[in-house]
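Listed here are the chains, written in short residue letters.
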Amino acid sequence: MNAAASTEAVDTLVIGGGIAGLQTALDLADLGLQVTIVEKDASIGGKMIGLSKVFPTLDCASCITTPKMAAAAHHENIRILTLAEVESVMRQDEDFSVRITLQPRYVDEDLCIGCRLCEYACDADVADEFEGGLSAHRAIYIPFTNAIPQLAVLDPMECNLCGQCAVACPTDAVVFDQKPREIEITARSVVVATGFETTPMGAKEEYRGNEIANVISPLTMERLLAPHGPYGRVLRPADGKVPDSVAFVQCAGSRDKSLGVPYCSRVCCMYAIKQAMLLSGALPFADITIYYMDIRAFGKGYETFFQNASAMGIEFVKGKVARIDEAEDRNVEVRFEHIDELGQVEERTHDLVVLSLGMLPAADLRDRMPIGVSSDGFVTVPKPTIEPCRTNEPGIFVAGTAAGPKDIVDTIAEAGAAAMAVSGYLKSMETAGCAVCAVSAGTETR
Amino acid sequence: MNSEEIRIGVYICHCGGNISDKVDVEKVAEDAGKLPDVKVSQTYAFMCADPGQELIAEDIEKHGLNRIVVASCSPSLHETTFRSAVVRGGLNPFLYEHVNIREQVSWVHVSTGEATGKATTLVQAAIGRVRHHEPLSLIKVGATSRALVVGGGVAGLRAALDFANYGLPVTIIEKSLRLGGQVADLDTVFPTGESGADLVRTLVEEVSAAEGITVLTDTRVAGATGYVGNFNVVVEQKSSNGSTEELKIKAGAVIVATGSRPYEPVKGEFGFERFPEVVTLPDFLQILKKAPDGDELIVNGKTIRRAAFIHCVGSRQIEGIHEPKPGRPLNENCSRVCCTATLKAESDLIEKFPGVFVYDFYRDIRTYGRGHEEIYERASSDGVVFLRYEPATPPMVTEALSNGAGSMLVTVKDSLTAGMEIEVAVDLVVLAVGMEPADVGALAESLKLPAGADGFLQEVHPKLRPVEMAVAGVVLAGTCQSPRDIEESCASASAAAVKVAGLLTRGYVELEPYVARVNADRCEGTGICLSQCEYDGALEIVETEVDGKVIRKAVVNEALCTGCGACVAVCPTRAIDINGWTLDQFEAMVDVMCADPMEVAGG
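Listed in order, the protein sequences are those of chains A and B. Converting from the first sequence to the numbering used here requires adding 630 to each position, the first position being numbered 1. Converting from the second sequence to the numbering used here requires adding 135 to each position, the first position being numbered 1.
Be aware that one or more of the hints could be misleading.
[Unchecked claim] If you want a taste of the chain A side facing chain B, the calculated C-beta under 8 angstroms gives, among others:
1. THR687
2. GLN780
3. HIS858
4. LYS871
5. VAL872
Don't read these hints as lab results, they were simulated from the structure. Backbone N, C-alpha and C fix where the C-beta goes; we use that ideal spot for every residue, glycine too.
For reference, chain A alone in the conformation it holds in the complex (with noise of 0.2 angstroms):
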């Protein structure tokens, strides 16, 4: 699965293994085309591998994204390479030429047999950011459970070089020294899907975020709600005591023009209301508030679900939040305007808040190929109407959240869109013959 050669060719290079990606790659290969994954980090899967459950169906995520992690894995037309990384994309005549560097693993791909025996003989613990930071691993360890592939990754920065993980390894899988390789891909197409970012926890300063120690991401409150997270239940991470009153704070990275953020990040109040509704089952007296300026519930039965969210006693605040301090007891201070009360001015306590985090896109490619990245920061795309997936060079096509915030339903449906473009876009150059390159001949040529 991730071996290499030096150079190849393929249908299409996917750049991104999340959700995005994987669904795009999942369409080309059922039509027969020859599909690449370059995933950056150590397993697929992507931002949605690590949430609890998905809205408006509740679904648990693991659900609903491992069998297409794995039926990615299986397919006989997609390829995956891990800790990979686009270092340029060129057109070179019909097709481009992409390098990519292979960051050493220091663990060999072609002998490593996922036992985890090299993780149990490590001393090193290391913060798990799979975790949101709550729960360590070892410095050689699988990603996560149901991590794909099923590869052990050594972290040099962290590993004590003490050689136990190589004692303890039955098949001497452990290279320590690796180094990076770069590789060579011819590809007819390339698909962008590198997602997104959530913007920083310490951005807004009022917010104080990253001071604050029960002051949470929503992806760290995503693990700690999953059935298979940290604690396996919900408790704060200051003191580890089980919250009673728990806080969400809406637009905290988004509609913001002092963060450079102007736009909607269309996925955080539905995230909110869902973890909202998964807190008042894990914590049935606890109480639950959703500071927020509009409550966007847009999609298929979302409006629905925050109805339902209502009815079941989720208290819904509307006010901007100005400023968060720490209280007593490492409890957090809110203060906001309350629209509802006369626009008054009031501060509340809460034993744990939440900070609703929003989009910012994870990869800024312009100087890797030639698309156009727009003031937002997201890749452009110069006919969204009716052709969404088009960037501005022919062949390369946008898919998901590189696109601009969406939610997995939307990524989902785009995804397709992106993998019906591409193939029709395979299709003219098939007949038509050199009509691209007519067009970018000089420009990218090397």
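Given the structure of chain A, go ahead and fit chain B onto it with the hints provided.
For chain B alone, coordinates are given in the frame of chain A:
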């Protein structure tokens, strides 16, 4: 029955706690392991994850397993996942049995004891059943490569164009005389500001230039029969002399792009049809489009100086507050496009007629899309005054009695102004009406297409199979599925097209083998089965002459049979069974469920 030794592997999934928090999975596995012929019985955190699947594939080889049982979530999620794992282990995929101990056990039972007991029973019944499994194969049926697109709006055009660009033939039928649907009428569209007519023209020109697209306008579906790969759709086309011609279209798949229609307010709703200057947003857009440039907007001979726009008319309706229209469900959904469309219309109005003052009555402003928030800001900076209402206290539109500023009064309890009652006099009220599904008519009836409680057509699963319907070979494009804007409609249309391309590109389709089969030795040709069969052509009685005697036997058409089992229930000689769901299998399950647990364990 096979004479080979039965060797069963049983796998119980934790579902990362979804199951194991409630069900003692180790106990279930331990008890199952005591049953005869069970060679492997174990648990795993996520059976559907790759390591879980590999466990099955490896054990088949290692332990010579020839029957597999997985107890996990609903089979609708993962039956096919595990079938493919079984295939990787070298077994026939139908030697696999799926048990649902999540939706049917851990998610619905409170006591661990009860949940574990029920899971144990279900798993053991499946073990009883799986012994009787036989290797089956998918039924391969030749398929027509043509797709039929129903609806010639932007979604239908986009889907047809994609399908044709992929190189397969496609027919679009459109009930009206022209293509482009509602978008064709829009002066400009958000967020790009393109003209709706230009946008449609671009698509139509591409459709005309593409090879393999047949367009039939003024045409409706009269009825449809068949199944995935081989639908026969009868359409009626009106000709210019008023006569109707009936055409038959053979299609391998149907892309439904029948779209939506604007909500029509009931009489009196926000003054609709009580005051002539209360209009819907689509009507207002036409008024604005046709209004000649000048200093003033004139409607019904009156100069419009102040206008009110009211959001969520026929959207976000709440039971107990709103009344459904007769014969219709409440429109509980958000209609998604009206906020941005309304704000854009307000700015367009102010920028064309700078003297007009605009009030906007809203519940939540939902300018969620890329480039939409800018439209909200533009309306704000154009001077629109926003007033916010709660669903229980909507704005009231009444007649202005004094000779004041406007002909109507809009009164609202404004939550942005400390809940004060605010009255504004206006000359025009624009209702931002939501979307309702358009009538899908004979197509939905004859193919039994499911719709949700909201009346929109229903996908199988919003994430796993977002454009497919439960009826195989029928996919959804655009607003027939739910409200969405042009970009989202086109994305879903392309996603629908790619699914159909994948389905029809090979020239054949594969159907599930769960169909009726007749034991010819037992069949006496009574024909009772035929009288109960609901599917035309699925069963027939064939007469043959053997030794001078006419013998009647039931014969199954596997492509048309749905495996419903009605024939099985009525056969007096037990000559008919459903593949994979035989009466022997049901009996085996019942035997296990009714047996003394000790007896089951002892064999």
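Interface hint check: LYS871/A, Cβ to nearest Cβ on chain B, cutoff 8 angstroms. Holds or violated?
violated (22 angstroms)
Status of the hint placing GLN780/A at chain B (closest C-beta pair under 8 angstroms)
holds (5 angstroms)
THR687/A was flagged as interface toward chain B. Is the shortest Cβ-Cβ separation under 8 angstroms?
holds (6 angstroms)
Quick one, is the VAL872/A hint okay against chain B at 8 angstroms, beta carbons?
violated (17 angstroms)
Does the interface hint hold: is HIS858/A within less than 8 angstroms of chain B, judged Cβ to Cβ?
holds (4 angstroms)
Figure legend: structure checked against the earlier numbered hints; hints not met, in rising order: 4 and 5.
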